[in-house]
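Sequences listed follow chains H and X, in order.
With our numbering as the guide, the letters of the first sequence map in order to residues 376 to 524.
With our numbering as the guide, the letters of the second sequence map in order to residues 10 to 424.
Among the hints, a few may not be true.
Distance condition first, Cα-Cα at most 25 Å in a straight line; then the derived SDA-like pairs of lysine to any residue [claimed, not checked]: (1) H:Lys402 with X:Lys413; (2) X:Lys413 with H:Asp401; (3) X:Lys317 with X:Gln152.
FYI, nobody ran anything at the bench for these hints, they're computed from the structure.
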Amino acid sequence: MNEAGSILETEKEIVEEFALFDSWDDKYEYIIDMGKKLDPLDPVFKTDENKVRGCQSSVWLAADFQNGKLYYKADSDALIVKGLISMLIRVLSGRTPVEILEAKLDFIREIGMTTHLAQTRSNGLLSMVKQMKNYALAYKIKDPLASKN
Amino acid sequence: MNAALTIPRTLDITAIRQEFPILNREVKGRPLIYLDNAATTQKPQQVIDALVSYYSNYNANIHRGIHTLAEEATASFEQTRDIVQAFIGAPSREEIIFTKGTTESINLVAYCWGRNNISSGDEIIISNMEHHSNFVPWQLLCQEKNAVLKIIPIDDNGELVMEEYEKMLTTRTKLVSIVHVSNALGTVNPVRKIISLAHAVGAVVVVDGAQSAVHLDIDVQEMDCDFFAFSAHKIYGPTGVGVLYGKKALLEAMPPFQSGGEMIKDVSIEKTSFNDLPYKFEAGTPNIADVIAFRSAIRFVLECGKEKIRRHEEELLDYAHQELEKIPGLKIIGKAKEKVSVVSFIIEGAHPQDIGILLDNRGIAVRTGHHCAQPLMDRFCIPGTARVSLAVYNTKYEIDELVKGLHKVVKILSK
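Sequences are here, hints too, so could you generate the full structure?
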C-alpha cells in the first residue's frame, strides 16, 4: 500500500487540488511545481533504455521492485512533462503490479489533461502510462506472488 | 520607373480573415491565433465550397466515363492542371503530375529517376537544412546504390555555405536536391545559382518548394530546375494533393512510379504499354475533389496577389523579429538575409514543448520540436525550437498577443 491511500483515493485528492484553479495557467503552474518536487533521478538511470518513446521532450523512467511493489523514478528536460509524470508517480508508485495494471487513471481526464493523452500531442503522457504499465506487467509475470495480490 | 506602379494596394486583412471560417473559433476560451502556417495553412470558404460543390453536384470518376458527371469532373480536374501550369510557369500541362504531397513528389523522383540514373560511386548533394522528406529518400537511394550523399553545410545565420557547395560539385555529381525555403528557419536559398552550378557539371536538380510556392513567385522555366515539388495544403488548399513538375524529356525517360489503372495505354497478357504524360505517373483514381478545390486555393492567392501577400508577411515578420528579440533569454535561430514567413526561436531555460503547451492555453498555435529537420537541429546543437510561421490572415495584433503570451510563459517557467 501507498501510505497516501488507494489509487482511487490519491486520484481523488489530485482532482480536488485541481478544482481550486480557475485558469489553465494556474493548473499548469501547479503541474510544474509538482514536477519540481519530484525526487531527482540519478544520471545513471538516464539511459536510452529508460527513455520513453513518443515524447517530444526527453523522458526517462526507471522502476524498482521491492516486496511485491513497484517504485518509479523519472525525469524530463521539459517542466510540464515532468509535472505530469510526477502525478503518475504519486498515483502509481508503491503499488502492486496488479493494482497498477488495473488503474484506469480517470483523474487525467477529470483535471482536464486529456489533450496530453491524444496521439497527436506527442507529449507522451500516453507513452508514459504505457511504459509504467509495461513494467507492472513484466514484474507480474516475473514474480508469481505479485499476480496473487 | 513609374513609382505609382510599384506601390501595390494593401490588402484588407479584416476582409480576408472573414473568408476563413476557422479563424472565428476559440481555443481554450480565447480567439484562435494560428501561427503554424508552415505546417499547413487554413482554408478559405471558396476552397471548402469547391469541395462541397464537387460532392454535391458532379462527383464521378474521371477520364474514361462517358456520362455527363464524368465529363464535368474530368474537365474540372484537368482545369486545375492548367492553372497549376500557369501558377509555376511550366511550359506544358503534361509536365504537371498530381501526387499526394511534396513527400510523394520527391519520392517519385528518387524511385523513378534515381533508381535508373544513380550508380555506385555517384554523388548526390543535399543540404543541412533539408526537411526529412528531402533527406531520407536520398539517403536510402545512396545506401541502395552505394552512392555518396554530400551535405552542403550552413552557417550560424542559417544560410548555405555556397563556397563549400561549389567545391562539392564534381563530374560524379548526378543530382542536387535542395529546399527552396527552409521550413524550420525560413531561409530562402539562392536556387538559381545552385541550379546553374549543378547544370554546369551535368547534374539534375530537384527543388523542394513545399514552403516557397505560397510565398515566392515561382517560374520553373526561369529557375531552370529539372523537378519542382510542392503541396496544395500549404497554399490554402486541401490536404492530400501535391504537384511534381518535371522537364518533359526527363519525365518521358522515367519508368512509371506505381502501376494499375489510368497509367496504362494497352494491357495484354504479354505486355503493358504505358499512358502518355502526365497520366503515366497518376496510377489509380486520383484525389479528384481535392485537386479540384486546389484551383480555388490558387485563385484565392492570385486574387490577393502574391506580391501583396509577401509585403504583408514581410512586415509582420520584421515586426515579429523586432518584438520577440525584446523577450529576455530569447534567441532567434535562423537570421538569413533572405527569409520568409518563419521565426524559429529558443528561450533560455525553457523547453520548446513547455512553450508550445503554455501558448496553447492562450489559444496560440505554434509548432515546437525538430520540425522534421533533425540534422539541422543537430547543426545548432539544440533539440528543437518553437516556430512561428505566418500567413496572409495574420495580424500585428496577433504578434502582440504572442509576445504577451511569451512574457507570461517565461514568467511561469522561470519561477
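Here's how the hints hold up against the structure:
1. At most 25 Å may separate the alpha-carbon atoms for a hinted pair to count; Lys402 of chain H and Lys413 of chain X meet this at roughly 19 Å.
2. Of the supplied pair hints, the one linking Lys413 of chain X and Asp401 of chain H holds, its CA atoms being roughly 17 Å apart against a limit of 25 Å.
3. Distance check on the hinted pair: Lys317 of chain X and Gln152 of chain X sit about 44 Å apart at the alpha-carbon level, beyond 25 Å; violated.
Checked against the numbered hints above, the structure breaks only hint 3 and satisfies the rest.
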